[in-house]
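Student: Given the coordinates of chain G, work out where chain V should sit on it, guided by the hints.
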Amino acid sequence: MSFKSFIAFIASLLFALTCAAADDAAPPMQDRVGGVGLNVSDIERSLDYYTRVLGMKAVVKVPNKDGGLLEVAMNLSGNLNDAFLVIASGVDLGHGAADDKSDGDNTGFGRVIFNVVDAQAFADRISAAGFEVSKLDVGGDNGPTVFMAKDPDGYILELFEFPKPGSMPDYLPE
Amino acid sequence: MVKVKIWDLPIRIFHWLLPLLLGFSWYSAETRAMDWHRYSGYAVLGLLIFRLCWGLWGSHSARFASFIKGPASVLAYVRGPKPLAPAIVGHNPLGGWSVAALLLVLTVQVGSGLFAVDVDGLESGPLSRLVSFDAGRSLADIHEVSFNILLALVAVHLVAILWYEFARKERLVMAMLHGHKQLDSDSHSSLPPTPSSLPVRLLAALGLSAVMVYLISSGFRF
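These protein sequence lines map, in sequence, to chains G and V.
Residues 412 to 585 (the numbering used here) make up the first sequence, in order.
Residues 6 to 227 (the numbering used here) make up the second sequence, in order.
Each hint should be verified, as a subset may be incorrect.
Stated by the list, open to error - Sample of chain V residues lacking proximity to chain G, with all beta carbon distances greater than 10 Å (derived): (1) I11; (2) M39; (3) P200.
Unchecked claim - If the Cβ cut is set under 8 Å, some of the chain V residues that face chain G in the computed set are: (4) R37; (5) A38; (6) D123; (7) V124; (8) D125; (9) G126; (10) L127; (11) E128; (12) F138; (13) D139; (14) R142.
By construction, these hints were calculated from the structure, which means they are not laboratory data.
Think of the CB as a built atom: it goes at the ideal place given N, C-alpha and C, for glycine as much as any other residue.
The following block holds chain G by itself, in its conformation from the complex (with noise of 0.2 Å):
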């Protein structure tokens, strides 16, 4: 083999790995309401009804810590840029919100979702004017940035924060 192919093999190395490194393929990121968050009492019977009822797709699945699942995202496309549906069981959303109801079974309304570019940015803005926010605790040090805020009649918002690209968070509180 001749130092000629050698340098050829070297540069057709690199020119791969170049235009490897020129791709985009992560999702645009822009501030958005991505979806509604309903508190469900048996997520697997949930996840039933809405993929086989109504033909829903899952974009999102977070395991608990058991193995089974802590939240799902779904909206009828499958594509993660379009506003889903999260069903959780067992999620805290902060501010005692899982204890609300008096029923015992934590089902009922959990919070609107926002997929912000800056939590925190926003979180100053409401904290600012008044109004109730904190940082919610999702997967110690490795985890997404999520912050929950409460408006006037006390809905619960989550706030959160696209990961970096290329990270991956941890979803499980530590």
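Tutor: Leaving out everything else, chain V in the frame of chain G:
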């Protein structure tokens, strides 16, 4: 005794880049550096496509046809006279299947990674949009399982190398570095000559690998 070339340079570079990239892929996955994990995966994809091309177009010892043997040859090699066939140039009949197994699992590893997706639907392989979220999650599980199988095959490979190195005194590691092997002069005559069109084939294999990696890593979006 005569010194003959058994591994061409592209094969040797392919061989040594592979453990480096697999190690880096492992490290980047463990540290959640998913951008780097993807780039590393694209490089492994390029190596894999190149190796498949080289298995068809490369020099004699690189070709699948030269080392993928039927069960009869494998049995004959395993049961054969001691010391076993010292004049074998390239992969022996048993080692050939270990190469095939490694390449197969590597293909599953890279292939599943291309379609894999994380629980939040965000970090994903470049082709994950072509499959449903649930299928992407299943492939992410396969990606983890096949890596463990790959590690097991690597362990078998290392044990075999050590056994040949110390029990059989066959210097396989050095041969993979400098590409040469000491042979009896009479067995040398049976070696097929290196074809003169090899550099052209090398460029073709490299070009095809680069184009494929570009297309796949961009998710076939232009």
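Student: Does the structure break any of the earlier hints, and which numbers would those be?
Tutor: 2
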